[in-house]
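Start from chain Z and add chain A according to the hints.
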Amino acid sequence: MKTINTLAPLTPAVFYILLALASGEKHGYEIMKQVKQDSQSQVKMGTGTLYGSLKRMLAARLIEEAGSLPAPQAGLPDSTHSDERRRYYRLTELGRRAFTTELQRYSQVVSIAQQRSLLPNFSLEPGL
Amino acid sequence: MKQHEDGQKRARAERAYAWFLHLYPGAHQRAFGQQMLQTFQDHFRDAVETGRESELWFWLGVVGDEAKSLVREQVAALRERKVAMKRALFIVPLVGLLLLVLALSFGGPILRPILGLMFEGLVFAFYAALLVILMGYVRSFPQSEIRPMCVRLGLVLGGIFSLYVVASNVINVLMPAPSDGGSDAILLTLPPLLIGLVGLIGGHSSGRTRTGTFAGLSIGFIGLVVGQMSWLLLVVLLWHAIQHGALQSGLGMDFQRDSLNSDRIPSLWSFLNWEIFGDGIGFPVTVGIIILTVEGLCATIGGAIGAALRRSDNGNHQIALPTTTPIGFILTISVLSLLLWAGSAEFQSLGGQHRLLALSDLSSSFTSPSAVSWLLGFLVVIAFVLVSARLNPTRPEASAASR
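In order, the protein sequences belong to chains Z and A. Using numbering that gives the first Met the number 0, you'd call the opening residue of the first sequence number 0 and step up by one each time. Using numbering that gives the first Met the number 0, you'd call the opening residue of the second sequence number 0 and step up by one each time.
In isolation and in its complexed conformation, chain Z is listed as follows (with noise of 0.2 Å):
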């Protein structure tokens, strides 16, 4: 579709943000620190980064805040200070979109590299 489109290919932060919010809604540290933990340190995300993506993606309706904070998850260990600074974000319908188009076409372009025997060695399994 053309909307999707016009927001590929996504810029790594976008992508990133869009995969950490993939599993659940998650405030800004979350999202931070999920990024990191994606990337394998490759995207490290600042404050102030991070905040100009979400405001770049707010706006283009990527994601929306959440409505209600959702209840303390299991293993963030600042889960206990939350307050009413802190904001939930999720991922809209069209950044879902957005985001299983750009893993498609990531997916395609390794399916062109294995053809051209481009990556001899490279596997899909995680972690390889």
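No incorrect hints appear here.
25 Å max Cα-Cα, derived BS3-like pairs, lysine-lysine:
id, chain 1, residue 1, chain 2, residue 2
1, Z, 32, A, 8
2, Z, 32, Z, 43
3, Z, 32, A, 67
4, Z, 54, Z, 43
5, Z, 32, Z, 54
6, Z, 43, A, 8
7, Z, 54, A, 67
8, Z, 35, A, 67
9, Z, 43, A, 67
10, Z, 35, Z, 54
Covered stretches of chain Z, as calculated for chain A (at least 3 residues, CB under 8 Å):
id, region
11, 21 to 34
12, 39 to 46
13, 51 to 63
Honestly, the hints are just simulated from the structure, not real lab data. By construction, the Cβ of each residue, glycine as well, lies at the ideal position given by its N, Cα and C atoms.
Below, chain A without anything else, positioned relative to chain Z:
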């Protein structure tokens, strides 16, 4: 003791970060300031207080990131302010000149004897300045959030429409005037049809009504300016033929009428004044402004329909236009049919007169009762479309987001 030290350290860090936040544009501070402070606290606690990062390393990262973000947000804010300021700078002289031109036109019968030959010169100088400022004002729009595709679409179709207007003017000047002289049978005209459709395309492609408005209105504006300018140029070029009665067209008849109405043979300036400003009441100028307003309305309606369709598309996870909500689809088809009907009626009407559309046709068609009722019907339809779009809870819109 360590807890107390950590607390003091954290408070100092928060104060320092709060100072950074003051450097952001006001809107950004208001929207995200508290959240950013909270995120910073989380980060500080997680990185420094747990000993995962040294304080120096932590602050180096923060300062580097904030410096980049500050520049980016300030530049973005500056760009927005620049566009807003440009518009504000244009709007004052624009309105002033518009009022001045209208005042001179309406006050023509009183002012002409007082000012003498200066009257025509003043009117034309103000009118030319008005057009130039109007062009500058419109130019500020593409720098905002209007999508380049829609700008190009508007400009290309505006160029095509301009050629049509110029051809229409040439024919009107050179061809003999139709014996019936009137064109009241014309319902609405080709320009609103074209502009409404372009508005629809613009609105649908971006999901924003104002993109459609701009795309459509740029056609009307270009057409209006080119039409008026080409009319002036034709009169100047053919002045010799007009003076000697070689033209049997509407323009030639206008000259004869002016000669009869005044005691002397009209000069080029006074004839141009008559052609552009009519009988001292600013009729063509007023009509031009009304045309632009109606065209803007059509473009906005088209843009609103396009944006509503886009929202429906997104809400239904569908792709093509026929897969929108039933009410939106039915109303869109109705509107398009209505537009096509109006367009075909116009073509038939013009075909009977063996000529192209002229600006005078626009004025008569816009003020006819059928046109007014048509517009009212159109407004009712768009109200339904907007209501149906508002009923849709999901309103994702598209824009260039992946910056």
